[in-house]
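Produce the entire structure from the sequences given, and follow the hints as far as they go.
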Amino acid sequence: MFEIFQFQFMQNALIAGLLISTMAAIMGSFIVLRRFSMISDTLAHVALVGVAVGLLMGQNPLWGAVIVSILVSWIIEFLRFYKGLYSDSIMAIFLSGSLAIAVILVSLADSFNSSLFAYLFGDILAVSKEDIITMFIVFVVMIAIVIRFYQQLFFVAFDEEVAQTSGINVKWLNILQMTLVAMVVALSIKIVGSLLIGAMMVIPVVAAMQFKRGFLLTMLVAIAISITSLVLGLIASYLFAIPSGAAIVVVALLFFVISLFFDKA
Amino acid sequence: MPIDFKAPAVKVENLSYKIGSETIIKSMSFQILEGDYTAIIGPNGGGKSTLMRLLLGLNKKTTGSIELFGTKINKFDRWKEIGYVPQNVLQIDHKFPATVFEVVLMGRASRNHSWKSYSQEDKKMARRSLEKIDMYHLKDRLIGSLSGGQRQRVMIARALAGQPKLLILDEPNTGVDVASQQNFYALLKELNEEEKLTIIFITHDFGVIADDIKNVICINQELLACNTPKELLSCSAMSDLYGVDAHLIHHHH
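Going down the list, the sequences are from chains A and B.
Taking this note's numbering, the leading residue of the first sequence gets 1082, the next gets one more, and so forth.
Taking this note's numbering, the leading residue of the second sequence gets 534, the next gets one more, and so forth.
There's no promise every hint is true.
Claimed, not checked - Taking CB as the label site, the calculated pair distances span:
| # | chain 1 | residue 1 | chain 2 | residue 2 | range |
| --- | --- | --- | --- | --- | --- |
| 1 | B | Ser680 | A | Ala1322 | 51 to 57 angstroms |
| 2 | B | Glu555 | A | Glu1211 | 54 to 60 angstroms |
| 3 | B | Lys605 | A | Ala1225 | 35 to 41 angstroms |
Said to hold, decoys possible - Only pairs whose alpha carbons sit at most 30 angstroms apart, straight line, appear in this in silico DSBU-like list of lysine-lysine:
| # | chain 1 | residue 1 | chain 2 | residue 2 |
| --- | --- | --- | --- | --- |
| 4 | B | Lys544 | A | Lys1252 |
| 5 | B | Lys656 | A | Lys1164 |
| 6 | A | Lys1252 | B | Lys628 |
| 7 | B | Lys605 | A | Lys1252 |
| 8 | A | Lys1252 | B | Lys729 |
| 9 | A | Lys1252 | B | Lys608 |
| 10 | A | Lys1210 | B | Lys593 |
| 11 | A | Lys1164 | B | Lys672 |
| 12 | A | Lys1252 | B | Lys656 |
| 13 | B | Lys594 | A | Lys1252 |
| 14 | B | Lys672 | B | Lys729 |
| 15 | B | Lys593 | A | Lys1164 |
| 16 | A | Lys1164 | B | Lys551 |
| 17 | B | Lys559 | B | Lys594 |
| 18 | A | Lys1252 | B | Lys593 |
| 19 | B | Lys605 | A | Lys1164 |
| 20 | B | Lys698 | A | Lys1252 |
Note that these hints are calculated values from the structure, not bench results.
As the structure is a prediction and not an experimental result, all values here were calculated from the model.
Glycine is no exception: its CB is placed at the ideal position from the N, C-alpha and C atoms.
In structure tokens:
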């Protein structure tokens, strides 16, 4: 079964997938606990605008996705923190709004419809060496930041207000966290697709939470579930010729269903 | 015993706070000295939550001044010296993935500025805080699996792990059973007397003003004149607010 990973494109997909699934589970652990699960879906749609812009301008769509997602993540945090708008309404607005903009951009030059399809549902054939290098750089930066600010990020996820009173710069930390989420989401759309990345950030974490362990252990279990879903999903994608993103998410979903049986509460 | 000079931990002068055109706090002035055990009491809607948020630096834009340990609040940066025990302990989801020990370690988070995870010192302080509240044996339990009273104690342990000089508790006994409340008052008394911790206790419940509490600050938008638990009994402003049946509870047996 594993001989499929002899192919160069499968190796690329596997390496990229391992980086992405690890990052998605780590950032997912924080955002799920902050009741902010929808942010990944929202930013994934926002990233599509970046992809469309990148395709239109003939640049690497991945960078377009990263830049636009980061900018919008800051705007969302600004609207939430300073303007006091409800997070779920802000996310709903950006989710459909950015999809509308992306569709308009695509229709302006309809030559890359097939290419956009790959960004919606993920396409393992689409992962290049250059993409892997980009992902690896972001991976290293993200891991370093999370290790450095682990305690503060966890405190804010648990109780934002008490964290603030203890002298933690919550505002700054939230912007940093949103930036990381935006980068992970934008990079993920090659593998999982923008319509499905939300699931990859949320499902493994919620499944891991059913085992009722501490935060660090829950995060590690989420990473394990995420990576296993990725590997099994990639194999299924190759064997049955189905879109990789959908296959990965369905495997994660199975883990979630199984995890429910471990919750004896 | 030598008489030592007590510096003010909190000094509030002419403090006013408005939301829109509505006055929440009106020209209030008081001091809380280091080592004091003070209750801030007042009816719901009387401005005590706002006052607490102002003291914690969560709300800003006031007129008048607040000083913490001799520093104006807008210049104050030693927030780790202030332990805050919030009200909402019952809202913690029973599946929230955080062990008791992980929660108590949060109290060290703002002290830690290194690449290392928690140091031996951090873990030692977290352990000592949990031992102080007799809950070290529950350190691996999920916070959400504990009772209201136990959660309350964990939140105090978290505040203590940060080695604060001032502990601020917001309505600490909401939803906690009577036996736990007794333990809780004994713990606060011990912290105040043995560790010389300054304690501010915010409540709307007249009945929880224990006789361990040395000072009472009654507020209903403005400061009402009743400064000790005894005076509280004869304070007409308070009996107007709470009715004549209000009486103090005693915890000495």
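Each hint, compared with the structure:
Between Ser680(B) and Ala1322(A) the C-beta distance comes to about 54 angstroms, which sits within the given range of 51 to 57 angstroms. Taking the beta carbon of each, Glu555(B) and Glu1211(A) are about 59 angstroms apart, inside 54 to 60 angstroms as hinted. Against the hinted window of 35 to 41 angstroms, the Cβ-Cβ separation of Lys605(B) and Ala1225(A) comes to about 37 angstroms, which satisfies the hint. For the hint pairing Lys544(B) with Lys1252(A), the CA-to-CA distance comes to about 28 angstroms; that is within 30 angstroms, so the pair holds.
For the suggested pair Lys656(B) and Lys1164(A), the alpha carbons sit about 39 angstroms apart, so the restraint of at most 30 angstroms is broken. Taking the CA atoms of Lys1252(A) and Lys628(B), the gap is near 26 angstroms; set against the 30 angstroms cutoff, the hint holds. Under the criterion of a C-alpha separation no larger than 30 angstroms, the hint pairing Lys605(B) with Lys1252(A) is consistent with the structure, at around 22 angstroms. Using a Cα cut-off of 30 angstroms, the hinted pair Lys1252(A) and Lys729(B) is violated, with the two alpha carbons roughly 33 angstroms apart.
For the hint linking Lys1252(A) to Lys608(B), the alpha-carbon distance of about 18 angstroms falls within 30 angstroms, and the restraint holds. This hinted pair does not check out: Lys1210(A) and Lys593(B) have alpha carbons roughly 51 angstroms apart, beyond 30 angstroms. Annotation: proposed proximity of Lys1164(A) to Lys672(B) is violated, straight-line Cα distance about 40 angstroms (limit 30 angstroms). Our distance criterion of 30 angstroms between C-alpha atoms is met by Lys1252(A) and Lys656(B), whose separation comes to about 27 angstroms.
Taking the CA atoms of Lys594(B) and Lys1252(A), the gap is near 18 angstroms; set against the 30 angstroms cutoff, the hint holds. Distance check on the hinted pair: Lys672(B) and Lys729(B) sit about 26 angstroms apart at the alpha-carbon level, within 30 angstroms; holds. For the hint pairing Lys593(B) with Lys1164(A), the CA-to-CA distance comes to about 16 angstroms; that is within 30 angstroms, so the pair holds. For the hint linking Lys1164(A) to Lys551(B), the alpha-carbon distance of about 19 angstroms falls within 30 angstroms, and the restraint holds.
For the hint pairing Lys559(B) with Lys594(B), the CA-to-CA distance comes to about 14 angstroms; that is within 30 angstroms, so the pair holds. Under the criterion of a C-alpha separation no larger than 30 angstroms, the hint pairing Lys1252(A) with Lys593(B) is consistent with the structure, at around 15 angstroms. At roughly 28 angstroms between alpha-carbon atoms, Lys605(B) and Lys1164(A) fall within 30 angstroms of each other, so this suggested pair holds. Restraint check for Lys698(B) and Lys1252(A): satisfied, since their Cα atoms lie roughly 25 angstroms apart, inside the 30 angstroms limit.
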